[in-house]
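J.: These are the residues of each chain, in order.
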Amino acid sequence: MIQPQQPYTGQIFQPTQTFSPTAPQPFYGNSFEDEPPLLEELGINFDHIWQKTLTVLHPLKVADGSIMNETDLAGPMVFCLAFGATLLLAGKIQFGYVYGISAIGCLGMFCLLNLMSMTGVSFGCVASVLGYCLLPMILLSSFAVIFSLQGMIGIILTAGIIGWCSFSASKIFISALAMEGQQLLVAYPCALLYGVFALISVF
Amino acid sequence: MAYHSGYGAHGSKHRTRAAPDPPPLFDDTSGGYPLQPGGYPAPGADVAFNVNHLLGDPVANVAMAYGSSIASHGKDIVHKELHRFVSVNKLKYFFAVDTAYVAKKLGLLVFPYTHQNWEVQYSRDVPLPPRQDLNAPDLYIPTMAFITYVLLAGMALGIQKRFSPEVLGLCASTALVWVVLEVLALLLGVYLATVRSDLSTFHLLAYSGYKYVGMILSVLTGLLFGSDGYYVALAWTSSALMYFIARSLRTAALGPDSMGAPAPRQRLQLYLTLGAAAFQPLIIYWLTFHLVR
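Top line first, the protein sequences correspond to chains A and B. Under full-length UniProt numbering, read the first sequence as residues 1 to 203, first letter to last. Under full-length UniProt numbering, read the second sequence as residues 1 to 293, first letter to last.
Do not rely on the hints blindly, as some may be mistaken.
[Claimed, not checked] Lysine-lysine pairs mimicking DSBU-like chemistry, simulated, CA-CA at most 35 Å apart: (1) LYS92/B with LYS80/B; (2) LYS92/A with LYS161/B; (3) LYS161/B with LYS61/A; (4) LYS92/B with LYS61/A.
[What the hints assert, rightly or not] Partial selection, computed: residues in chain A whose CB lies under 8 Å from chain B: (5) LEU115; (6) MET116; (7) GLY181; (8) GLN182; (9) LEU184; (10) LEU185; (11) TYR188; (12) PRO189; (13) LEU192.
Calculated directly from the structure, the hints in this document are not laboratory data. We treat Cβ as the ideally placed atom computed from N, Cα and C, and that holds for glycine.
So here's chain B without its partners, still in its complex pose:
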């Protein structure tokens, strides 16, 4: 425990050996030294060679303090650079999920036809986080679904005796490239078609990541029930996903004030939604058919 005691004949700062903070670098306390007898500088030279007590060696202490200050400085630099590209607070919004939300959302992705209200709810112009609103997009499900898809692809290839670690990397990077392409296309479409909307890049990433759930279901059914099961599951999940994307993007792209857009813009929005929806089954088929031969 470090304590600064004012007592002592010369008012110098005293610290005990067990201080948790490293000593401040170059803090000049030389003014506080008590009057020394004439032999003080010479024993200082002996101290450096007291190897019996390594961590008491003041040189090692200084080195440790310097190293820890360098490490925290490096961490600050990393944080600053990261914050320039990715706003962590906005990203945290997409991960504020709980188990009930994830269960209901997965159910919605498989069977969206009975859901009535697709509007994203707002509270004072700020969209509610996914915990409180089923219609809000999240990034937890797409991320987990992507990783599960990559592992499942590895397992499916392993069952077919076609596994090797390079193929796993190939699968992962192919899927990632398709996601990036789709998000870019959607961004272009949203830019051309709307005046103002709340669809940021992360929203579009979330919506295009929901297809991985359908892909996982198709591959699992294909592995368990053969090729016929695969095609049945593909048809079911594709239609469910098309309906889901169409309804979600239509309400999300319009924004909270939906009646203000002129007619050509509304048609563009419709084409955008339909195009995004129609693209899903194609990409699901493309990324999974080679796993279920």
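Isolated chain A, as found in the complex:
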């Protein structure tokens, strides 16, 4: 005789504490209410995404080292797609280049940061930081839709935006990995990487 009881929400081979074989509760209703919210289950925390975006957008604000503790790739994915979309608006169908360059760049930065810092860094953290700091580059490529960047104003704007991106990225890396006296050294490879992205937007 199958007795109605609450559904099994624990882990296999371990009996849960709340197991009570005599409680007659409906099968689906309890499990639906016991579920954590979908966003929390997927690990997307909008508040943290917004905080990290603000850190990137204010290059002069001091970064908090603990914001990079959970590596979140949802924000960077959105930014990469937005970058590709603005490039598409300018008539360049180059999603493949964007993804390829970001993969190689992330790998290079990962190796370099692991060699340069005392504590190591995980690949997800590097990819997350570099993806968030791609946000000003989206501004650049949306400018490129409206007017061509190949004049003197375009060069100055490009240089400024590359500087902004690499400065924010190096600031976050420095505060998350506690490296002193190396901010310019971390900013230079970031500037090379964002320079390649800028090359795609401009030419």
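We have chain A; now place chain B onto it with these hints.
T.: Only chain B this time, still in chain A's reference frame:
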């Protein structure tokens, strides 16, 4: 938060739903089950079809735990293989740099003539890291200079309308091959000429990578000021680099105890240093002249 509570009539291990660690695989806790009423096995079959709560599905949990253990196992294998070829700690020594060191070293590469003391400093027989000793070689500058050179070559070719991604790859691989050849030649020379020295492969890689700084400067000057500017910059950076390599390799190849080598060895060391120094301008010219037409 996972907690092991000793209470409960049967002393079994209890864990709450929100435990961060995956459950240990095949950890047999069947001895701790409380006495069940007769219908226990049958509801277990119902659980597998409760699709409303996917991550609560114990089969998915087991799969996730297995996958993460496979991933960490794979990572361990990669680390072990990497450590067999490259000692990461020795490599970290070359990247322990800071901004002041890099600035001073770049200045030294462009103008080495006024620097007095070229000896690498030691503390208790261990060479000091580049942060604390200007004469210590590092690998940060050569790596960044190499990548900058490849990107600059791409840009220079783009300006001359001769750019395509294959050419970029060609430039990068040509430069890499020349670096490897030079390091091998230097290794052979060091092997023949010295009894014992601190010049490991990474040291030689560092010294042969410093020429990329000169190459970048020459190409930049050539792009900004035309062909004449290129030749002037080439002459200046070549002589600076020859002086730098000659002084550094002479003190480095001799090691901390320099007077112990017999005379023919010392002559070989001299030839090695002079040969390495003379090779630099040739290779700088070879790798950059086609960028500044």
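J.: Take the hints in turn and mark each one as holding or not.
T.: Here is what the structure says about each hint:
A distance of roughly 17 Å separates the Cα atoms of LYS92/B and LYS80/B; the hinted pair therefore holds under the 35 Å criterion. Taken as a hint, the LYS92/A and LYS161/B pair is honoured in the structure, with Cα atoms around 19 Å apart against an allowance of 35 Å. A threshold of 35 Å between alpha carbons decides the hint, and for LYS161/B with LYS61/A the separation of about 42 Å lies outside it, so the pair is violated. Of the pairs offered as hints, the one joining LYS92/B and LYS61/A holds, with about 31 Å between alpha carbons and a cut-off of 35 Å not exceeded.
For the restraint placing LEU115/A at the interface with chain B, the shortest Cβ-Cβ distance is roughly 4 Å, inside the 8 Å limit, so the hint holds. Checking MET116/A against chain B: minimum C-beta separation of about 5 Å stays under 8 Å; hint holds. A least Cβ separation of about 4 Å between GLY181/A and chain B falls short of the 8 Å threshold, and the interface hint therefore holds. For GLN182/A, the interface hint holds, the least distance from its beta-carbon to any beta-carbon of chain B being 5 Å, beneath 8 Å.
The restraint placing LEU184/A at the interface with chain B holds, with a minimum CB-CB distance near 5 Å, inside the 8 Å limit. A cut of 8 Å between beta carbons decides the hint on LEU185/A: the least distance to chain B is about 6 Å, and the hint holds. Interface hint status for TYR188/A: upheld, as the beta-carbon distance to the closest one in chain B is roughly 6 Å, under 8 Å. The beta carbon of PRO189/A is positioned within 8 Å of a beta carbon in chain B (closest approach about 7 Å), and the interface hint is therefore held.
Hint on LEU192/A holds. Least Cβ distance to chain B is approximately 6 Å, under the 8 Å limit.
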